[in-house]
Amino acid sequence: LRQQYFLASASLQDVLRRWNKHHEDFTAFSEKNCFQLNDTHPTIAIAELMRLLMDRHGLGWDAAWDITTRTMAYTNHTLLPEALEKWSVALFGQLLPRLLEIINEINARFTRQVANRWPGDTDRVARMSIIEEGPDPQVRMAHLAVVGSFSVNGVAALHTKLLQKGLMRDFYELWPEKFNNKTNGVTQRRWLAGCNPSFRQLVSERIGEGWITDLDQLQQLAPLADDADFRQRWTAMRHENKQRLADLVWADCGVTFPISSLFDVQVKRIHEYKRQLLPILHAIHLYDRIKRGDTADWVDRCILIGGKAAPGYAMAKQIIKLACNVAEVINEDADVGDRLKMVYLPNYRVTAMETICAGTDLSEQVSTAGKEASGTGNMKFMMNGALTIGTLDGANIEIREEVGDEHFFLFGLTAEEIEAQRRLHKPQALIDTDDDLARVVRLLQVGHFNPCEPGIFDDILNSLVDWGDYWMVLAAFRAYLDAQRQVEAHWRDQTAWERSSIMNAAKSGKFSTDRTMRQYNQDIWQLEAVAP
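Per my numbering, residue 138 is the first one in the sequence shown, and the count goes up by one each step.
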(Lines of atoms letter the chains of each structure in order from A; the text may use other names.)
(Lines give C-alpha, C1' and ligand atoms only; values in the text may rest on other atoms or scores of the structure.)
Protein backbone atom coordinates (compact mmCIF):
# COMPACT_ATOMS: atom_id res chain seq x y z
CA LEU A 138 0.00 0.00 0.00
CA ARG A 139 2.87 2.36 0.79
CA GLN A 140 4.47 1.55 -2.57
CA GLN A 141 1.24 2.04 -4.50
CA TYR A 142 0.61 5.37 -2.82
CA PHE A 143 4.14 6.60 -3.41
CA LEU A 144 4.11 5.79 -7.13
CA ALA A 145 0.59 7.09 -7.77
CA SER A 146 1.12 10.29 -5.81
CA ALA A 147 4.48 11.01 -7.45
CA SER A 148 2.94 10.55 -10.89
CA LEU A 149 -0.01 12.81 -10.15
CA GLN A 150 2.11 15.51 -8.52
CA ASP A 151 4.38 15.56 -11.56
CA VAL A 152 1.42 15.99 -13.91
CA LEU A 153 -0.08 18.77 -11.78
CA ARG A 154 3.30 20.54 -11.48
CA ARG A 155 3.68 20.61 -15.25
CA TRP A 156 0.08 21.71 -15.71
CA ASN A 157 0.57 24.65 -13.33
CA LYS A 158 3.54 25.88 -15.36
CA HIS A 159 1.21 26.75 -18.22
CA HIS A 160 -2.29 27.16 -16.72
CA GLU A 161 -3.72 29.37 -14.00
CA ASP A 162 -6.57 27.00 -13.10
CA PHE A 163 -7.88 23.48 -13.80
CA THR A 164 -10.80 24.41 -16.04
CA ALA A 165 -9.43 22.52 -19.06
CA PHE A 166 -7.52 19.84 -17.13
CA SER A 167 -9.82 16.94 -18.03
CA GLU A 168 -9.70 17.88 -21.71
CA LYS A 169 -5.92 17.36 -21.80
CA ASN A 170 -5.32 14.58 -19.25
CA CYS A 171 -6.45 10.99 -18.82
CA PHE A 172 -5.15 8.42 -16.34
CA GLN A 173 -5.56 4.72 -17.16
CA LEU A 174 -5.72 2.64 -13.97
CA ASN A 175 -4.02 -0.59 -14.96
CA ASP A 176 -5.91 -3.02 -12.67
CA THR A 177 -6.57 -2.17 -9.00
CA HIS A 178 -2.95 -1.44 -8.02
CA PRO A 179 -2.97 2.32 -8.85
CA THR A 180 -6.61 2.90 -7.82
CA ILE A 181 -5.49 4.97 -4.85
CA ALA A 182 -4.82 7.67 -7.46
CA ILE A 183 -8.54 8.52 -7.37
CA ALA A 184 -8.45 9.54 -3.71
CA GLU A 185 -5.01 11.11 -4.07
CA LEU A 186 -6.06 13.35 -6.98
CA MET A 187 -9.00 14.50 -4.87
CA ARG A 188 -6.60 15.30 -1.99
CA LEU A 189 -4.20 17.22 -4.22
CA LEU A 190 -6.93 19.23 -5.92
CA MET A 191 -8.67 20.13 -2.66
CA ASP A 192 -5.87 20.40 -0.08
CA ARG A 193 -3.06 21.73 -2.28
CA HIS A 194 -4.93 23.67 -4.94
CA GLY A 195 -8.00 24.88 -3.07
CA LEU A 196 -10.79 23.33 -5.15
CA GLY A 197 -14.11 22.45 -3.55
CA TRP A 198 -15.39 18.86 -3.45
CA ASP A 199 -17.72 19.12 -6.44
CA ALA A 200 -15.12 20.70 -8.72
CA ALA A 201 -12.44 18.20 -7.67
CA TRP A 202 -14.79 15.22 -8.09
CA ASP A 203 -15.86 16.45 -11.53
CA ILE A 204 -12.23 16.61 -12.67
CA THR A 205 -11.31 13.26 -11.10
CA THR A 206 -14.22 11.35 -12.60
CA ARG A 207 -13.58 12.80 -16.04
CA THR A 208 -9.87 11.91 -16.06
CA MET A 209 -9.77 8.42 -14.46
CA ALA A 210 -10.39 5.27 -16.52
CA TYR A 211 -10.12 1.70 -15.17
CA THR A 212 -8.93 -1.49 -16.85
CA ASN A 213 -9.87 -4.69 -15.06
CA HIS A 214 -7.43 -7.53 -15.68
CA THR A 215 -8.87 -10.41 -13.68
CA LEU A 216 -12.08 -12.16 -12.72
CA LEU A 217 -10.53 -13.89 -9.69
CA PRO A 218 -11.97 -12.37 -6.49
CA GLU A 219 -8.72 -12.92 -4.58
CA ALA A 220 -6.87 -10.73 -7.09
CA LEU A 221 -9.17 -7.74 -6.56
CA GLU A 222 -7.31 -5.79 -3.91
CA LYS A 223 -8.78 -5.02 -0.53
CA TRP A 224 -6.99 -3.10 2.21
CA SER A 225 -7.82 -3.16 5.90
CA VAL A 226 -9.55 0.05 6.94
CA ALA A 227 -7.44 0.05 10.12
CA LEU A 228 -4.21 -0.18 8.11
CA PHE A 229 -5.45 2.42 5.64
CA GLY A 230 -6.33 4.81 8.44
CA GLN A 231 -2.97 4.34 10.11
CA LEU A 232 -0.93 4.91 6.96
CA LEU A 233 -3.14 7.29 4.93
CA PRO A 234 -5.70 8.91 7.25
CA ARG A 235 -6.58 11.81 4.94
CA LEU A 236 -7.18 9.49 2.01
CA LEU A 237 -9.43 7.30 4.14
CA GLU A 238 -11.50 10.38 4.99
CA ILE A 239 -11.85 11.12 1.29
CA ILE A 240 -12.76 7.51 0.45
CA ASN A 241 -15.40 7.49 3.19
CA GLU A 242 -16.93 10.67 1.75
CA ILE A 243 -16.86 9.21 -1.79
CA ASN A 244 -18.58 6.11 -0.44
CA ALA A 245 -21.21 8.04 1.53
CA ARG A 246 -22.25 9.98 -1.56
CA PHE A 247 -22.11 6.89 -3.78
CA THR A 248 -24.17 4.63 -1.51
CA ARG A 249 -26.79 7.37 -1.27
CA GLN A 250 -26.95 7.33 -5.08
CA VAL A 251 -27.42 3.54 -5.05
CA ALA A 252 -30.08 3.75 -2.36
CA ASN A 253 -31.97 6.41 -4.32
CA ARG A 254 -31.87 4.22 -7.45
CA TRP A 255 -33.02 1.07 -5.62
CA PRO A 256 -34.93 2.22 -2.51
CA GLY A 257 -34.92 -0.34 0.29
CA ASP A 258 -32.44 -2.69 -1.42
CA THR A 259 -29.95 -2.75 1.45
CA ASP A 260 -28.30 -5.94 0.18
CA ARG A 261 -27.38 -4.21 -3.06
CA VAL A 262 -26.03 -1.18 -1.20
CA ALA A 263 -23.85 -3.48 0.93
CA ARG A 264 -22.60 -5.37 -2.17
CA MET A 265 -21.67 -2.16 -3.97
CA SER A 266 -20.23 -0.21 -1.06
CA ILE A 267 -16.55 0.72 -1.37
CA ILE A 268 -16.19 -0.27 2.31
CA GLU A 269 -16.84 -3.95 3.00
CA GLU A 270 -18.23 -4.19 6.51
CA GLY A 271 -17.31 -6.97 8.94
CA PRO A 272 -15.06 -7.72 11.91
CA ASP A 273 -12.14 -6.23 9.92
CA PRO A 274 -13.65 -3.72 7.46
CA GLN A 275 -11.93 -3.55 4.08
CA VAL A 276 -11.52 -0.91 1.37
CA ARG A 277 -12.53 -2.54 -1.94
CA MET A 278 -10.17 -0.97 -4.43
CA ALA A 279 -11.99 -2.35 -7.50
CA HIS A 280 -15.21 -0.68 -6.33
CA LEU A 281 -13.36 2.61 -5.83
CA ALA A 282 -11.96 2.25 -9.35
CA VAL A 283 -15.42 1.81 -10.90
CA VAL A 284 -17.01 4.62 -8.88
CA GLY A 285 -14.22 7.10 -9.63
CA SER A 286 -13.76 6.36 -13.34
CA PHE A 287 -15.68 7.38 -16.46
CA SER A 288 -14.66 4.19 -18.32
CA VAL A 289 -14.37 0.56 -17.19
CA ASN A 290 -13.04 -2.03 -19.61
CA GLY A 291 -12.22 -5.71 -19.72
CA VAL A 292 -9.42 -7.10 -21.88
CA ALA A 293 -11.21 -9.69 -24.04
CA ALA A 294 -14.76 -9.95 -25.32
CA LEU A 295 -15.69 -12.83 -22.98
CA HIS A 296 -13.98 -11.16 -20.02
CA THR A 297 -15.96 -7.94 -20.50
CA LYS A 298 -19.18 -9.92 -20.86
CA LEU A 299 -18.47 -11.81 -17.64
CA LEU A 300 -17.67 -8.54 -15.85
CA GLN A 301 -21.04 -7.14 -16.89
CA LYS A 302 -23.02 -10.28 -16.06
CA GLY A 303 -21.12 -11.43 -12.99
CA LEU A 304 -18.37 -9.72 -11.04
CA MET A 305 -19.61 -6.14 -11.65
CA ARG A 306 -23.21 -6.75 -12.52
CA ASP A 307 -24.54 -4.26 -9.94
CA PHE A 308 -22.29 -1.52 -11.30
CA TYR A 309 -23.19 -2.39 -14.90
CA GLU A 310 -26.89 -2.07 -14.07
CA LEU A 311 -26.19 1.37 -12.58
CA TRP A 312 -23.81 2.65 -15.28
CA PRO A 313 -23.99 0.49 -18.44
CA GLU A 314 -22.48 3.35 -20.46
CA LYS A 315 -19.20 3.10 -18.54
CA PHE A 316 -18.41 -0.45 -19.66
CA ASN A 317 -16.49 -1.35 -22.82
CA ASN A 318 -14.05 -3.96 -24.13
CA LYS A 319 -10.44 -3.52 -25.20
CA THR A 320 -9.00 -6.87 -26.20
CA ASN A 321 -5.33 -7.09 -25.24
CA GLY A 322 -2.51 -7.16 -27.75
CA VAL A 323 1.23 -7.72 -27.90
CA THR A 324 3.76 -5.72 -29.87
CA GLN A 325 5.06 -7.39 -33.01
CA ARG A 326 8.18 -5.22 -32.77
CA ARG A 327 9.39 -7.36 -29.87
CA TRP A 328 7.41 -10.58 -30.22
CA LEU A 329 7.95 -11.15 -33.94
CA ALA A 330 10.34 -8.76 -35.70
CA GLY A 331 12.70 -8.63 -32.72
CA CYS A 332 12.65 -12.18 -31.35
CA ASN A 333 12.26 -14.08 -34.62
CA PRO A 334 14.80 -12.70 -37.12
CA SER A 335 14.45 -15.65 -39.51
CA PHE A 336 10.68 -15.00 -39.69
CA ARG A 337 11.33 -11.32 -40.36
CA GLN A 338 13.73 -12.09 -43.19
CA LEU A 339 11.51 -14.70 -44.87
CA VAL A 340 8.28 -12.74 -44.59
CA SER A 341 9.73 -9.35 -45.48
CA GLU A 342 11.24 -10.81 -48.65
CA ARG A 343 7.74 -11.79 -49.80
CA ILE A 344 5.47 -8.99 -48.53
CA GLY A 345 7.81 -6.17 -47.47
CA GLU A 346 8.29 -4.78 -43.95
CA GLY A 347 5.02 -2.89 -43.62
CA TRP A 348 3.70 -5.53 -41.21
CA ILE A 349 6.12 -4.29 -38.53
CA THR A 350 3.94 -1.21 -38.03
CA ASP A 351 0.71 -2.65 -39.51
CA LEU A 352 0.34 -6.27 -38.46
CA ASP A 353 -2.80 -6.72 -40.56
CA GLN A 354 -0.48 -6.87 -43.57
CA LEU A 355 0.43 -10.42 -42.51
CA GLN A 356 -2.85 -11.43 -44.15
CA GLN A 357 -0.84 -11.40 -47.37
CA LEU A 358 0.72 -14.66 -46.13
CA ALA A 359 -2.58 -16.56 -46.34
CA PRO A 360 -2.35 -17.39 -50.08
CA LEU A 361 1.26 -18.49 -49.54
CA ALA A 362 0.02 -21.35 -47.33
CA ASP A 363 -0.71 -23.16 -50.63
CA ASP A 364 2.70 -22.33 -52.13
CA ALA A 365 4.93 -25.43 -51.81
CA ASP A 366 8.17 -23.43 -52.14
CA PHE A 367 7.11 -20.96 -49.43
CA ARG A 368 6.00 -23.80 -47.13
CA GLN A 369 9.40 -25.44 -47.56
CA ARG A 370 11.17 -22.22 -46.58
CA TRP A 371 8.69 -21.77 -43.70
CA THR A 372 9.56 -25.26 -42.44
CA ALA A 373 13.28 -24.48 -42.60
CA MET A 374 12.69 -21.25 -40.68
CA ARG A 375 10.71 -23.08 -38.00
CA HIS A 376 13.38 -25.78 -37.68
CA GLU A 377 15.96 -23.07 -37.10
CA ASN A 378 13.80 -21.59 -34.33
CA LYS A 379 13.17 -25.00 -32.79
CA GLN A 380 16.92 -25.60 -32.66
CA ARG A 381 17.33 -22.32 -30.76
CA LEU A 382 14.70 -23.49 -28.28
CA ALA A 383 16.33 -26.91 -28.01
CA ASP A 384 19.64 -25.18 -27.25
CA LEU A 385 17.93 -23.16 -24.48
CA VAL A 386 16.44 -26.33 -22.98
CA TRP A 387 19.84 -28.04 -23.04
CA ALA A 388 21.54 -25.06 -21.45
CA ASP A 389 18.93 -24.64 -18.70
CA CYS A 390 17.82 -28.24 -18.12
CA GLY A 391 20.43 -30.59 -19.59
CA VAL A 392 17.76 -32.38 -21.63
CA THR A 393 17.93 -32.96 -25.40
CA PHE A 394 14.88 -31.93 -27.42
CA PRO A 395 15.03 -33.52 -30.93
CA ILE A 396 13.70 -30.88 -33.32
CA SER A 397 11.80 -33.50 -35.33
CA SER A 398 9.48 -33.93 -32.32
CA LEU A 399 6.30 -31.96 -31.69
CA PHE A 400 7.25 -29.11 -29.32
CA ASP A 401 4.31 -28.87 -26.90
CA VAL A 402 4.60 -25.80 -24.63
CA GLN A 403 2.77 -24.20 -21.73
CA VAL A 404 4.45 -21.16 -20.18
CA LYS A 405 2.60 -18.72 -17.93
CA ARG A 406 2.03 -17.94 -14.24
CA ILE A 407 1.51 -21.11 -12.23
CA HIS A 408 -2.11 -21.09 -11.07
CA GLU A 409 -4.73 -23.79 -10.66
CA TYR A 410 -7.12 -22.06 -13.06
CA LYS A 411 -4.47 -22.11 -15.81
CA ARG A 412 -4.45 -25.91 -15.37
CA GLN A 413 -0.79 -26.78 -15.75
CA LEU A 414 -1.99 -30.10 -14.34
CA LEU A 415 -3.59 -31.01 -17.69
CA PRO A 416 -0.33 -31.25 -19.70
CA ILE A 417 1.31 -32.92 -16.68
CA LEU A 418 -1.42 -35.57 -16.53
CA HIS A 419 -1.15 -35.94 -20.30
CA ALA A 420 2.61 -36.51 -19.98
CA ILE A 421 1.90 -39.24 -17.42
CA HIS A 422 -0.65 -40.78 -19.80
CA LEU A 423 1.88 -40.79 -22.67
CA TYR A 424 4.54 -42.29 -20.39
CA ASP A 425 2.08 -44.98 -19.31
CA ARG A 426 1.28 -45.79 -22.96
CA ILE A 427 4.97 -46.25 -23.75
CA LYS A 428 5.49 -48.49 -20.73
CA ARG A 429 2.53 -50.64 -21.82
CA GLY A 430 3.77 -50.84 -25.40
CA ASP A 431 0.84 -48.84 -26.76
CA THR A 432 2.82 -46.89 -29.36
CA ALA A 433 0.92 -47.45 -32.59
CA ASP A 434 0.86 -44.27 -34.73
CA TRP A 435 3.10 -42.63 -32.15
CA VAL A 436 4.07 -38.95 -32.44
CA ASP A 437 7.33 -38.01 -30.71
CA ARG A 438 6.68 -35.13 -28.35
CA CYS A 439 8.74 -32.70 -26.23
CA ILE A 440 6.74 -31.08 -23.44
CA LEU A 441 7.95 -27.80 -21.91
CA ILE A 442 6.25 -26.21 -18.92
CA GLY A 443 7.45 -22.94 -17.42
CA GLY A 444 6.26 -20.20 -15.14
CA LYS A 445 6.56 -18.72 -11.69
CA ALA A 446 4.31 -19.04 -8.65
CA ALA A 447 3.40 -16.45 -6.06
CA PRO A 448 5.66 -16.91 -3.00
CA GLY A 449 2.88 -18.04 -0.67
CA TYR A 450 0.89 -20.15 -3.16
CA ALA A 451 1.54 -23.64 -1.77
CA MET A 452 -0.51 -25.57 -4.35
CA ALA A 453 1.26 -23.83 -7.21
CA LYS A 454 4.62 -24.82 -5.71
CA GLN A 455 3.40 -28.43 -5.52
CA ILE A 456 2.41 -28.30 -9.19
CA ILE A 457 5.94 -27.16 -10.06
CA LYS A 458 7.38 -29.97 -7.96
CA LEU A 459 5.12 -32.52 -9.67
CA ALA A 460 6.16 -31.30 -13.12
CA CYS A 461 9.84 -31.66 -12.14
CA ASN A 462 9.35 -35.16 -10.70
CA VAL A 463 7.36 -36.43 -13.68
CA ALA A 464 9.96 -34.98 -16.06
CA GLU A 465 12.78 -36.69 -14.19
CA VAL A 466 11.11 -40.10 -14.39
CA ILE A 467 10.31 -39.70 -18.10
CA ASN A 468 13.75 -38.41 -19.12
CA GLU A 469 15.68 -41.10 -17.24
CA ASP A 470 13.68 -44.07 -18.55
CA ALA A 471 15.50 -45.87 -21.38
CA ASP A 472 12.20 -47.39 -22.57
CA VAL A 473 10.92 -43.88 -23.28
CA GLY A 474 13.96 -42.60 -25.17
CA ASP A 475 13.24 -39.87 -27.71
CA ARG A 476 9.54 -40.73 -27.93
CA LEU A 477 8.82 -38.36 -25.05
CA LYS A 478 10.82 -35.63 -23.35
CA MET A 479 9.64 -33.24 -20.65
CA VAL A 480 11.16 -30.30 -18.78
CA TYR A 481 10.10 -27.70 -16.29
CA LEU A 482 12.11 -24.67 -17.43
CA PRO A 483 13.61 -22.79 -14.46
CA ASN A 484 13.46 -19.01 -14.20
CA TYR A 485 10.87 -18.40 -16.92
CA ARG A 486 11.51 -14.86 -18.15
CA VAL A 487 10.96 -12.48 -21.06
CA THR A 488 14.27 -13.32 -22.73
CA ALA A 489 13.43 -17.02 -22.54
CA MET A 490 9.96 -16.40 -23.98
CA GLU A 491 11.52 -14.62 -26.95
CA THR A 492 13.09 -17.96 -27.88
CA ILE A 493 10.21 -20.16 -26.71
CA CYS A 494 7.39 -18.50 -28.67
CA ALA A 495 9.39 -18.66 -31.91
CA GLY A 496 10.17 -22.37 -31.51
CA THR A 497 6.84 -23.78 -30.32
CA ASP A 498 4.64 -26.05 -32.43
CA LEU A 499 1.69 -26.43 -30.03
CA SER A 500 0.60 -23.67 -27.64
CA GLU A 501 -1.28 -24.86 -24.52
CA GLN A 502 -4.03 -22.38 -23.54
CA VAL A 503 -6.11 -24.69 -21.38
CA SER A 504 -7.54 -22.51 -18.58
CA THR A 505 -10.86 -23.30 -16.93
CA ALA A 506 -13.38 -21.40 -19.06
CA GLY A 507 -14.48 -18.14 -17.47
CA LYS A 508 -11.30 -17.61 -15.45
CA GLU A 509 -8.71 -16.23 -17.89
CA ALA A 510 -9.32 -12.54 -18.56
CA SER A 511 -7.46 -12.52 -21.86
CA GLY A 512 -4.01 -14.04 -22.06
CA THR A 513 -1.21 -12.58 -24.15
CA GLY A 514 1.13 -15.56 -24.44
CA ASN A 515 -1.54 -17.11 -26.66
CA MET A 516 -1.07 -14.18 -29.04
CA LYS A 517 2.74 -14.38 -29.06
CA PHE A 518 2.59 -18.06 -29.97
CA MET A 519 -0.05 -17.54 -32.66
CA MET A 520 1.80 -14.78 -34.52
CA ASN A 521 4.98 -16.90 -34.54
CA GLY A 522 3.12 -19.77 -36.22
CA ALA A 523 2.23 -22.09 -33.33
CA LEU A 524 -1.12 -23.85 -33.33
CA THR A 525 -3.27 -23.58 -30.22
CA ILE A 526 -4.93 -26.30 -28.17
CA GLY A 527 -7.33 -24.40 -25.96
CA THR A 528 -10.63 -23.76 -24.26
CA LEU A 529 -13.25 -21.13 -25.01
CA ASP A 530 -11.70 -18.69 -22.57
CA GLY A 531 -10.20 -15.21 -22.68
CA ALA A 532 -8.81 -14.16 -26.04
CA ASN A 533 -8.71 -17.81 -27.20
CA ILE A 534 -12.24 -17.21 -28.45
CA GLU A 535 -11.15 -14.33 -30.64
CA ILE A 536 -7.99 -16.14 -31.82
CA ARG A 537 -10.17 -19.05 -32.98
CA GLU A 538 -12.57 -16.64 -34.69
CA GLU A 539 -9.68 -15.08 -36.61
CA VAL A 540 -7.82 -18.24 -37.66
CA GLY A 541 -10.78 -20.59 -38.14
CA ASP A 542 -11.79 -23.89 -36.52
CA GLU A 543 -9.59 -26.01 -38.77
CA HIS A 544 -6.41 -24.36 -37.45
CA PHE A 545 -7.30 -24.45 -33.73
CA PHE A 546 -7.74 -27.48 -31.44
CA LEU A 547 -10.76 -26.72 -29.28
CA PHE A 548 -11.86 -28.75 -26.29
CA GLY A 549 -13.81 -28.36 -23.06
CA LEU A 550 -16.92 -26.67 -21.74
CA THR A 551 -17.98 -23.03 -22.05
CA ALA A 552 -17.96 -20.74 -19.00
CA GLU A 553 -21.72 -21.21 -18.59
CA GLU A 554 -21.44 -25.00 -18.90
CA ILE A 555 -18.62 -25.06 -16.34
CA GLU A 556 -20.82 -23.36 -13.74
CA ALA A 557 -23.71 -25.73 -14.42
CA GLN A 558 -21.49 -28.81 -14.45
CA ARG A 559 -19.56 -27.96 -11.29
CA ARG A 560 -22.58 -28.66 -9.08
CA LEU A 561 -22.98 -32.14 -10.58
CA HIS A 562 -19.33 -33.07 -11.03
CA LYS A 563 -18.23 -36.30 -9.33
CA PRO A 564 -14.50 -36.87 -9.97
CA GLN A 565 -14.42 -40.45 -8.71
CA ALA A 566 -17.22 -41.43 -11.09
CA LEU A 567 -15.10 -40.16 -14.00
CA ILE A 568 -12.10 -42.14 -12.80
CA ASP A 569 -14.21 -45.28 -12.48
CA THR A 570 -15.42 -45.04 -16.08
CA ASP A 571 -12.23 -43.89 -17.88
CA ASP A 572 -9.37 -46.42 -17.95
CA ASP A 573 -6.82 -43.87 -19.21
CA LEU A 574 -7.65 -41.48 -16.40
CA ALA A 575 -7.72 -44.28 -13.83
CA ARG A 576 -4.21 -45.39 -14.76
CA VAL A 577 -2.86 -41.83 -14.52
CA VAL A 578 -4.47 -41.26 -11.11
CA ARG A 579 -3.25 -44.66 -9.92
CA LEU A 580 0.38 -43.82 -10.77
CA LEU A 581 0.04 -40.69 -8.66
CA GLN A 582 -1.70 -42.49 -5.81
CA VAL A 583 0.98 -45.19 -5.49
CA GLY A 584 3.75 -42.58 -5.44
CA HIS A 585 5.38 -43.65 -8.69
CA PHE A 586 6.81 -40.16 -9.19
CA ASN A 587 7.75 -39.59 -5.55
CA PRO A 588 9.01 -42.91 -4.08
CA CYS A 589 11.41 -41.15 -1.71
CA GLU A 590 8.95 -38.36 -0.79
CA PRO A 591 5.81 -40.14 0.41
CA GLY A 592 2.67 -38.03 0.53
CA ILE A 593 4.22 -34.95 -1.06
CA PHE A 594 1.53 -34.77 -3.76
CA ASP A 595 -1.42 -35.65 -1.51
CA ASP A 596 -2.88 -32.14 -1.69
CA ILE A 597 -2.87 -32.25 -5.50
CA LEU A 598 -4.57 -35.65 -5.46
CA ASN A 599 -7.09 -34.52 -2.86
CA SER A 600 -7.90 -31.37 -4.85
CA LEU A 601 -8.59 -33.50 -7.93
CA VAL A 602 -10.38 -36.47 -6.39
CA ASP A 603 -11.68 -35.77 -2.87
CA TRP A 604 -12.17 -32.00 -2.72
CA GLY A 605 -14.39 -31.68 -5.79
CA ASP A 606 -11.96 -30.87 -8.65
CA TYR A 607 -12.99 -27.20 -8.50
CA TRP A 608 -10.88 -26.21 -11.50
CA MET A 609 -12.40 -29.06 -13.56
CA VAL A 610 -9.11 -30.74 -14.44
CA LEU A 611 -10.37 -34.32 -14.33
CA ALA A 612 -13.63 -33.13 -15.87
CA ALA A 613 -11.66 -31.91 -18.92
CA PHE A 614 -9.23 -34.83 -19.14
CA ARG A 615 -11.07 -36.95 -21.73
CA ALA A 616 -11.89 -34.00 -24.00
CA TYR A 617 -8.28 -32.81 -23.70
CA LEU A 618 -6.99 -36.27 -24.59
CA ASP A 619 -9.26 -36.41 -27.63
CA ALA A 620 -8.05 -32.97 -28.75
CA GLN A 621 -4.44 -34.10 -28.33
CA ARG A 622 -5.15 -37.06 -30.61
CA GLN A 623 -6.46 -34.60 -33.19
CA VAL A 624 -3.17 -32.73 -32.77
CA GLU A 625 -1.24 -35.93 -33.47
CA ALA A 626 -3.31 -36.73 -36.55
CA HIS A 627 -2.70 -33.23 -37.90
CA TRP A 628 1.02 -33.41 -37.08
CA ARG A 629 1.44 -36.61 -39.08
CA ASP A 630 0.44 -34.61 -42.18
CA GLN A 631 3.28 -32.10 -42.14
CA THR A 632 1.97 -30.25 -45.19
CA ALA A 633 -1.33 -29.63 -43.40
CA TRP A 634 0.47 -28.62 -40.20
CA GLU A 635 2.72 -26.09 -41.92
CA ARG A 636 -0.28 -24.69 -43.77
CA SER A 637 -2.03 -24.20 -40.40
CA SER A 638 1.14 -22.64 -38.99
CA ILE A 639 1.25 -20.07 -41.79
CA MET A 640 -2.46 -19.34 -41.37
CA ASN A 641 -2.03 -18.66 -37.65
CA ALA A 642 0.63 -16.05 -38.36
CA ALA A 643 -1.39 -14.60 -41.24
CA LYS A 644 -4.48 -14.09 -39.09
CA SER A 645 -2.75 -12.57 -36.05
CA GLY A 646 -3.16 -8.90 -37.06
CA LYS A 647 -5.94 -8.21 -34.57
CA PHE A 648 -3.67 -9.06 -31.66
CA SER A 649 -1.20 -6.23 -32.06
CA THR A 650 -1.00 -3.61 -29.32
CA ASP A 651 -1.28 -1.07 -32.16
CA ARG A 652 -4.93 -2.03 -32.60
CA THR A 653 -5.49 -2.11 -28.83
CA MET A 654 -3.99 1.34 -28.34
CA ARG A 655 -5.96 2.81 -31.23
CA GLN A 656 -9.16 1.59 -29.57
CA TYR A 657 -8.18 2.96 -26.16
CA ASN A 658 -7.37 6.28 -27.78
CA GLN A 659 -10.50 6.44 -29.90
CA ASP A 660 -12.89 5.56 -27.07
CA ILE A 661 -11.13 6.78 -23.92
CA TRP A 662 -8.02 8.97 -24.24
CA GLN A 663 -8.86 10.93 -27.41
CA LEU A 664 -5.27 12.09 -27.90
CA GLU A 665 -3.73 13.34 -31.12
CA ALA A 666 -1.96 10.44 -32.83
CA VAL A 667 1.74 10.73 -33.66
CA ALA A 668 2.95 9.00 -36.82
CA PRO A 669 5.45 6.18 -36.19
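Keep in mind the hints are simulated off the structure, nothing from the lab.
None of the values given here were measured: they were computed from a predicted structure.
The beta carbon of each residue, even a glycine, is placed where N, CA and C say it ideally should be.
Hints are supplied without guarantee of correctness; some may be wrong.
[What the hints assert, rightly or not] Computed spacing ranges between beta-carbons, pair by pair:
| hint | residue 1 | residue 2 | range |
| --- | --- | --- | --- |
| 1 | Asp151 | Gly347 | 53 to 61 angstroms |
| 2 | Asn484 | Gly195 | 32 to 40 angstroms |
| 3 | Lys302 | Gly271 | 23 to 31 angstroms |
| 4 | Ala200 | Glu665 | 39 to 47 angstroms |
[To be verified] No farther apart than 20 angstroms at their CA atoms in a straight line, the calculated lysine-lysine pairs in the PhoX-like style are these:
| hint | residue 1 | residue 2 |
| --- | --- | --- |
| 5 | Lys428 | Lys454 |
| 6 | Lys428 | Lys445 |
| 7 | Lys158 | Lys169 |
Status of the hints after comparison with the structure:
no. : hint                                : verdict
1   : Asp151 - Gly347: 53 to 61 angstroms : 37 angstroms, violated
2   : Asn484 - Gly195: 32 to 40 angstroms : 51 angstroms, violated
3   : Lys302 - Gly271: 23 to 31 angstroms : 26 angstroms, holds
4   : Ala200 - Glu665: 39 to 47 angstroms : 27 angstroms, violated
5   : Lys428 - Lys454                     : 28 angstroms, violated
6   : Lys428 - Lys445                     : 31 angstroms, violated
7   : Lys158 - Lys169                     : 14 angstroms, holds
The earlier numbered hints that this structure contradicts are 1, 2, 4, 5 and 6.
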